[in-house]
Amino acid sequence: MSGETARNQGESRSAAGTHNPWLIAVVVSIATFMLVLDTSIANVALRNIAGSLAAGMDESTWVITTYLVANSVIIPVSGWLASVIGRKRYYMLCVATFTVASLLCGLAPNLELLILFRVLQGLGGGGMAPSEQSILADTFPPEKRSQAFALYGIAVIVAPTVGPTIGGWLTDHFSWHW
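In our numbering, the protein residues as written are 1 to 178.
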């Protein structure tokens, strides 16, 4: 066995290649933060959304329900979709879908379109979580994974904590469209 081969077998391999794995962890954590933040912000703005779109509170709760259902439906098939089109491509598609749908939600002129865009947003967001965890597991060697997942966990915990405050402030000072 050559010295090169022995050295390569002893090293932990990373999917990050020449990229800094912590940059990947930060990008994944920011995307997660936005995903989780979105749910808590929408909860706070429901009353304003209902009033702005001339809908009742019962009708406006579909804004949350459809998002969560779409989010839940896509999670079980995310692994298969990622293996078919590639994990990185699938993740980027999910981030793009979530981002574009977020913009469309802010531009929605009526409740029906808002609900449709929330479904798209939920589909994009739901595919992100399993992909992100796989990306982190592949990017970091076993001895560093706990630190990477801790950073990811901070985003998951902090977002719903600050979401209601940010959502309330944006709704009070601007509008729910933000």
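These are computed hints drawn from the structure, not numbers from a lab. Treat each hint with caution, since some may be false.
[What the hints assert, rightly or not] Across the chosen pairs, the derived CB separations fall in these ranges: (1) Gly51 to Leu116: 12 to 22 Å; (2) Met92 to Gly56: 30 to 40 Å; (3) Gly56 to Pro76: 12 to 22 Å; (4) Leu104 to Pro160: 22 to 32 Å; (5) Asp138 to Thr99: 19 to 29 Å; (6) Leu103 to Trp169: 15 to 25 Å; (7) Ile166 to Glu143: 30 to 40 Å; (8) Trp169 to Val26: 40 to 50 Å; (9) Ala137 to Trp169: 27 to 37 Å; (10) Glu112 to Ala137: 20 to 30 Å; (11) Asp138 to Leu113: 11 to 21 Å; (12) Pro141 to Ser175: 26 to 36 Å.
Computed from a predicted model, the values in this text were never measured in an experiment. Quick reminder that beta carbons are idealized off the backbone N, C-alpha and C, glycines included.
We went through each hint and held it up to the structure:
1. Gly51 to Leu116: 12 to 22 Å: Check passed, 20 Å falls within 12 to 22 Å.
2. Met92 to Gly56: 30 to 40 Å: About 38 Å separates the Cβ atoms of Met92 and Gly56, which means 30 to 40 Å holds.
3. Gly56 to Pro76: 12 to 22 Å: Given range 12 to 22 Å: violated, Cβ gap about 33 Å.
4. Leu104 to Pro160: 22 to 32 Å: Between Leu104 and Pro160, where Cβ atoms are some 23 Å apart, the hint holds.
5. Asp138 to Thr99: 19 to 29 Å: holds (23 Å)
6. Leu103 to Trp169: 15 to 25 Å: The hinted range 15 to 25 Å holds for Leu103 and Trp169, with Cβ atoms some 20 Å apart.
7. Ile166 to Glu143: 30 to 40 Å: holds (36 Å)
8. Trp169 to Val26: 40 to 50 Å: Check failed, 25 Å falls outside 40 to 50 Å.
9. Ala137 to Trp169: 27 to 37 Å: holds (36 Å)
10. Glu112 to Ala137: 20 to 30 Å: violated (40 Å)
11. Asp138 to Leu113: 11 to 21 Å: Violated, since Asp138 and Leu113 (Cβ atoms, about 38 Å apart) do not stay within the stated range.
12. Pro141 to Ser175: 26 to 36 Å: Since the Cβ atoms of Pro141 and Ser175 sit about 46 Å apart, the hinted range of 26 to 36 Å is violated.
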